[in-house]
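Trainee: Generate coordinates for the entire structure from the input sequences, incorporating the hints supplied.
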Amino acid sequence: MSKAFEVQQAAVIGAGTMGRGIVMSLANAGIQVLWLDNNPQMLDQAMAVVAQTNAHNVKLERISAEQSAARLACVTPVGDYVALADADLVIEAVYENLELKQQIFRTLDATLKPGAILASNTSALDIDAIAAVTKRPEQVLGLHFFSPAHIMKLLEIVRGGQTAPAVLDAAVTLGQRIGKVSVVAGNCDGFIGNRMLHTYVREARMLLLEGAYPHQVDAALQGFGFAMGPFRMYDVVGIDLEWRARELAGKGQDDPTVQVDNRLCGLGRFGQKVRMGYYLYAEGSRQAEHDPEVDALVLQVSEQLGFVRREIGPEEILERCLLALVNEGAKILE
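Per the UniProt record's numbering, residue 1 is the first one in the sequence shown, and the count goes up by one each step.
I should point out that these hints are in silico values taken from the structure, not numbers from a laboratory. C-beta atoms are modelled at their ideal positions from N, C-alpha and C, and glycine is treated no differently. Careful, some of the hints might be misleading.
Using 25 Å as the maximum straight-line C-alpha spacing, the simulated DSS-like pairs for lysine-lysine come out as follows [claimed, not checked]:
(1) Lys-135 <-> Lys-113
(2) Lys-135 <-> Lys-59
(3) Lys-273 <-> Lys-153
(4) Lys-59 <-> Lys-273
(5) Lys-331 <-> Lys-153
Restraint ranges, calculated between C-beta atoms of paired labels, are given here [unchecked claim]:
(6) Arg-286 <-> Glu-315: 27 to 33 Å
(7) Gly-79 <-> Gly-225: 40 to 46 Å
(8) Gly-329 <-> Glu-99: 31 to 37 Å
(9) Ile-332 <-> Gly-225: 20 to 26 Å
(10) Glu-315 <-> Ala-245: 31 to 37 Å
(11) Ile-332 <-> Gly-179: 22 to 28 Å
(12) Gly-30 <-> Leu-267: 25 to 31 Å
(13) Ile-332 <-> Pro-148: 22 to 28 Å
(14) Asp-255 <-> Pro-40: 34 to 40 Å
(15) Thr-76 <-> His-290: 38 to 44 Å
(16) Gln-176 <-> Val-49: 25 to 31 Å
(17) Lys-331 <-> Ala-110: 36 to 42 Å
Mentor: Below, the structure written as structure tokens:
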């Protein structure tokens with residue numbers, strides 16, 4: 001377990017948006033990373049995105065060409081689990097499906113060296129249910145990064161029922177090493193971050209049904225000081241992630257507050273990655289552009305649900321969204 005306190009060799013499973021961000025977080029701190037995905041083509045594309053991101057940062061003079069090369073040299077794509085055998089830490093970052101994550105953890109448990117830590121990037125699933133399929137539940141925990149993982153400072157460290165204190169300490173040390181603000185959470189529904197986010201986003205979605213539009217909600221919150229509003233955030237993360245999770249769970253799709261999301265996903269508007277979600281994005285640009293078609297869709301959905309729309313100003317938007325966060329935070333501390 002001594003090696004775990006200073007991770008020399010990490011590994012990441014999953015080459016989606018979160019996987020890419022986690023890989024960059026580790027590599028940017030000089031940690032060697034093995035990267036595995038069951039789709040070799042997707043892994044190649046993800047490696048290209050990492051290279052492009054580094055090149056973009058060089059162009060903006062955020063890092064030097066030498067730093068970019070050093071970061072890229074830290075990342076090694078691999079083709080199977082056997083290649084991960086000597087990793088000190090593996091972070092699973094596939095989509096939110098408990099059975100899939102359990103299958104991955106069974107394989108990792110059978111393949112990795114005895115002292116390795118197994119971590120899941122799950123944002124809400126039961127860490128103990130994941131740990132239960134291994135013979136090392138004391139070495140399993142959650143490492144929940146927030147998107148985009150290589151930029152967002154918050155890291156939620158989720159302690160399972162059997163997680164060893166030394167493993168928890170190792171995770172906190174890793175968080176410090178990669179420049180994150182680590183918060184240790186218990187294993188409960190939504191942990192801390194997503195539990196608060198859920199109430200905040202639900203209020204924002206209610207505002208859409210009652211009379212506001214996505215760009216108005218986002219503008220009010222950004223004007224207050226948020227880096228981005230909830231709908232711009234969902235475009236970055238991917239509107240389809242929650243949509244697919246609801247589909248897999250077989251519940252939640254009838255909730256009135258998610259009907260705008262459902263309609264957008266039905267149109268293939270998954271967010272920035274496909275250049276359209278709540279906003280439009282030009283080729284190669286991350287600049288969100290207002291789309292009147294989304295306003296029309298919001299209007300249609302709210303009227304179909306029987307809402308009588310009214311004008312909602314930025315003061316009300318700000319108050320309702322902030323108080324949703326405050327109230328949920330107070331409940332967590334109770």
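Trainee: Against each hint, give a clear statement of whether it holds in the structure.
Mentor: So, going through the hints one by one against the coordinates:
no.: 1; hint: Lys-135 <-> Lys-113; verdict: holds (12 Å)
no.: 2; hint: Lys-135 <-> Lys-59; verdict: violated (47 Å)
no.: 3; hint: Lys-273 <-> Lys-153; verdict: holds (22 Å)
no.: 4; hint: Lys-59 <-> Lys-273; verdict: holds (22 Å)
no.: 5; hint: Lys-331 <-> Lys-153; verdict: holds (24 Å)
no.: 6; hint: Arg-286 <-> Glu-315: 27 to 33 Å; verdict: holds (29 Å)
no.: 7; hint: Gly-79 <-> Gly-225: 40 to 46 Å; verdict: holds (45 Å)
no.: 8; hint: Gly-329 <-> Glu-99: 31 to 37 Å; verdict: holds (32 Å)
no.: 9; hint: Ile-332 <-> Gly-225: 20 to 26 Å; verdict: holds (22 Å)
no.: 10; hint: Glu-315 <-> Ala-245: 31 to 37 Å; verdict: holds (33 Å)
no.: 11; hint: Ile-332 <-> Gly-179: 22 to 28 Å; verdict: holds (25 Å)
no.: 12; hint: Gly-30 <-> Leu-267: 25 to 31 Å; verdict: violated (43 Å)
no.: 13; hint: Ile-332 <-> Pro-148: 22 to 28 Å; verdict: holds (25 Å)
no.: 14; hint: Asp-255 <-> Pro-40: 34 to 40 Å; verdict: holds (38 Å)
no.: 15; hint: Thr-76 <-> His-290: 38 to 44 Å; verdict: holds (42 Å)
no.: 16; hint: Gln-176 <-> Val-49: 25 to 31 Å; verdict: holds (27 Å)
no.: 17; hint: Lys-331 <-> Ala-110: 36 to 42 Å; verdict: holds (40 Å)
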